[in-house]
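Once you have looked at the hints, place chain B on chain A.
The listed protein sequences derive, respectively, from chains A and B.
Just so you know, the numbering used here puts 369 at position 369 of the first sequence, and the rest follows in order with no gaps.
Just so you know, the numbering used here puts 1 at position 1 of the second sequence, and the rest follows in order with no gaps.
I should point out that these hints are in silico values taken from the structure, not numbers from a laboratory.
Just so it is clear, the structure is predicted and the values come from calculations on it, not from any experiment.
Fair warning: there could be bad hints in the mix.
To be verified - Here are the computed lysine-lysine pairs in the DSBU-like style, where the Cα-Cα straight-line distance is at most 30 Å:
| # | chain 1 | residue 1 | chain 2 | residue 2 |
| --- | --- | --- | --- | --- |
| 1 | B | 46 | A | 117 |
| 2 | B | 102 | A | 91 |
| 3 | B | 100 | B | 71 |
| 4 | A | 91 | A | 24 |
| 5 | B | 71 | B | 175 |
| 6 | A | 345 | A | 380 |
| 7 | A | 24 | B | 100 |
| 8 | A | 67 | A | 117 |
| 9 | B | 71 | A | 24 |
| 10 | B | 51 | B | 100 |
| 11 | B | 100 | B | 65 |
| 12 | B | 51 | A | 117 |
| 13 | B | 183 | A | 117 |
| 14 | A | 117 | B | 71 |
| 15 | A | 24 | B | 102 |
| 16 | A | 250 | B | 100 |
| 17 | B | 46 | A | 24 |
| 18 | A | 24 | B | 175 |
| 19 | A | 117 | A | 287 |
| 20 | A | 250 | B | 71 |
| 21 | A | 67 | A | 287 |
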Amino acid sequence: MKRLLAPLLALGLAKAAMAFVLFKNENGEPLRWRLDEPDPLVHPNVVNRETRAIRIHLAKDGWSDDKAESELNSIRSAAAQWQAVPGTILKFEEGELLEPGVDINGEDNQNVIFWVKEVAPGGAVLVNNERTEISGALAVTFPTYFDDHTIVEADMVFNGVNHRWFTDYSNTFSKDNFVEAVALHEFGHFIGLQHSPLGAATMFSRTAAGVSVSAGLTLDEAAAAQSLYGRDSESDLFGAISGKVTMSGKGVFGAVVIAEDEHGNIVQSTVTEPSGDYDIAPIPPGKYRMRVSPLHSPDANQPLVRDIDISIEHQGAEVNFRPSDATDVTVTADDTTDADFSVRKGSSAFYINAVRPATTKENVYELAFEPFAIERTGAKQLIGVYSPSLPTNSAKLRMTGDGLTYGKTTYDQGVFVGFNLITVEITVAKNAKPGVRSLFVEKGNDRSYLNGFVEITSGTNDYDFDGVEDAWQREHFPIFASAASRAEADPDGDGYTNSEEHAAGNNPNDESSFPQLEINSITVNENGTTIQWDSLPGKRYQVWSKKDVAKATWKKVGEPQTAYRAFTFFTDPGEREEIQFYRVQALP
Amino acid sequence: MKAGNFITIICAWLASLSLGQAATQLPLTIETLAGKAEAVVHGKVKGMTCKRDATGRIFTEVQLKLTETLKGKPNGEVFRLVHGGGILGGKRSRSVADPKFKIGEEVVVFVVFNSRGEAIPVGMNQGRFEVFRPVASGEAMVRNPFHGLAKRNDGRAVFKRALGQAQPLTLSELKRRIRRAAK
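This is chain A alone, in the form it adopts within the complex:
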């Protein structure tokens, strides 16, 4: 079964949510690096005009004394994940390491990334020539850009004074800050993104400490990278959805527009412009279910997603409207589908402002404000939502999409005083499609959504989109998403790609470790000589033969054979009687 894993991973493991908000100027131009045609005013040390890569320079001292290399590699892994997004020209390259003492400077023609570790008298953490105090931040990215929103350079600083950091993805106990996840988020800002309205997106405005569901780039941000840095040659493979959200004839600012696939996973979403206009692009051709909802309820004192969580420019977003009904939309390649929505003023009678993450323990009542994961166990689990306004009877709590069956719903008013809790028994089928989904409560004509706050997980990850399981790459490579670790690479030069070494469970960095080739049987009959060996599906093999093992030279027998199973038969029809020696070569 392990051999089958690789091709399946490419299709099934990446998070399926897309949701992004770009930072546009008054002309609608998004903030981005010009990598297709580098701006001559952008210094070649910032964007290499020959390789068209964004050059980054890391300060060599990292955060800690003893794990600096791991910390730098975590940052490199974050950059590599963005670069790995399929169909884009986004590319990073690393310049020389910098000595400690680096600072933010938007005018020095150098993109720097570093930890600030010095504290000023009084406890201030000053950067940017002592004009920015970052004690309330984990990390900050500082882009400098032209009026047309071409990025001229960008710097990134991690706060090494007020916060602790770690790098081990397998460490599920640490509540320090996971360098890779924070860097991944910051690189999102670095390439031009704002925060996302979906809870499980990497670019959501907040995340949990430690390794959480926000670790790993989602398809949400992949779509953003494709939008900003997509290859022209592939643009006609995608379509777009465009439209306007209105209320009483006027555009609605800050409405969340969601497109879900047939399984109920969020494929892409965005937030409307002040005019009410929105675009969802690029999006693969197919059928989508679309709906519109407010960022939060106007009645919620503690909304889970606020307007300013998207950006300060979104302060004042319209939230006093009811969610729309779902509408089916068909997208075709190289075309834009129009989808306008008209929403009604007013709000649902209830809202959600906390969640009870998935559990099998009936008597444990966790109250959380973060998105949660749910596994495909095929067994009963419990999920819940809280708020002071939730109904205490007759309401339904549901997750969007299929692969789910529901049991009993319970209503509790006394678990946390003042909060009503609705819990539902849910079974996620083992074949449910992994992805990011939404929760909603409905009663009568009222419905309230919590967009993208549940992720159905598959147990394995492929955050660098190459079809090879990340855990194996993390075990064998210091930068799991690097060029050397990618599926098609062969860093030990043994003729087997990482994908093949992974499928066979070999060490990709040891040329003496490769899938063993052994001829398992030789049969001679009237059809010729048939040999059989263990093979890797997809791998090509060449059979050779000679008559005298000591003297004659090896001769190719037939054309290379592509294996389709874990074993391969090959018949040499020309040989039935004389002694022959055979060997099988795995081709690179």
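Structure of chain B alone, referenced to chain A:
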């Protein structure tokens, strides 16, 4: 409520609250802001100047017409603070967490002084509070992205606000908390 599970429940709740944090920004309490700040001033934005320093960096100087000093020794009619970034010529330099000021707006700003004696907002946009007066009450209220609106890291505040038990932050309450923290 199942009494036998009380401890488990509370622990789970507290654990979950401790997870809530901004991906890039962690809310500083008003007491922390006041403790870190070397000065806290209340005033109206009178002017802003974008400049380039000797190193080429763009920065913005904000002039406040001082209404009141809540901590520290600033006095006189105009108080000047600076922050990194701004718009100069055809170039803009700005992080998502930089404080934004508008001419004519009323603000409370927590600042520290750098080695050149320039006043810098504490915690970027966390050190700037907008003062506003709802038409209905006319009472001066304050807010920034983490206070006066919903906030998450303070478990008790989260609970209170979610239950509607917390009042929006008034200017007078902010002043009281600053002075108490500064003692």
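*asked:* Of all the hints numbered above, which does this structure not satisfy? Sort the numbers upward.
replied: 1, 2, 6, 9, 18, 19, 20 and 21
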